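> Sequence:
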Amino acid sequence: MHKLLVLYPHPTDPEAFRSYYENTHLPLAAQLPGLLDWRYSFTVRSASEETYFAVFEADFPDAETLAAALSSPEGEAVQADVPNYATGGAIVLDYPVTSP
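full-length UniProt numbering puts the first residue of the sequence shown at 1, with every later residue one more than the last.
Simulated from the structure, these hints should not be mistaken for laboratory data. Heads up, a few of these hints could be off.
To be verified - Now the in silico label distances, taken between C-beta atoms and shown as ranges: (1) His10 - Pro33: 27 to 37 Å; (2) Ala63 - Pro100: 15 to 25 Å; (3) Glu15 - Asp62: 15 to 25 Å.
As the list claims (entries may be wrong) - Heads up, simulated SDA-like pairs for lysine to any residue below, C-alpha to C-alpha not over 20 Å straight-line: (4) Lys3 - Val78; (5) Lys3 - Gln31; (6) Lys3 - Phe56; (7) Lys3 - Glu57.
Note that the structure is predicted; figures quoted are calculated from it, not measured. Think of the CB as a built atom: it goes at the ideal place given N, C-alpha and C, for glycine as much as any other residue.
Can you build the whole structure from these sequences, using the hints too?
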């Protein structure tokens, strides 16, 4: 299993972010080839002083499938869409999931 994690710092207009994200961006992301599951939240807390406005997680079978998804036309559309709502930018991480 390989996970994609996107952290969103606070945007200029939280309500505009929320509306665009749920109605436009998430339907694009749901079309990523090889995507197994996804989830998001606007309730993000941190033990440190740095907090985020939203988080998105996506599961892929492996790193190769994630890379292929991001380089696909759907993946390019998802990435090109981020500046349309994320005025605070986005931090994108991916990693293999290891179970005990």
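> All hints, please: hold or fail.
Do the hints match the structure? See the list:
Taken as a hint, the range 27 to 37 Å holds for the pair His10 and Pro33, whose Cβ atoms sit roughly 31 Å apart. Taking 15 to 25 Å as the suggested C-beta distance range, the pair Ala63 and Pro100 conforms, at roughly 21 Å. Between Glu15 and Asp62 the Cβ separation comes to about 37 Å, which falls outside the hinted range of 15 to 25 Å. Distance check on the hinted pair: Lys3 and Val78 sit about 16 Å apart at the alpha-carbon level, within 20 Å; holds.
Of the pairs offered as hints, the one joining Lys3 and Gln31 holds, with about 16 Å between alpha carbons and a cut-off of 20 Å not exceeded. Using a Cα cut-off of 20 Å, the hinted pair Lys3 and Phe56 holds, with the two alpha carbons roughly 10 Å apart. With a CA separation close to 7 Å, the supplied pair Lys3 and Glu57 stays within the 20 Å bound.
In terms of the numbered hints stated before, the structure departs from hint 3 and from no other.
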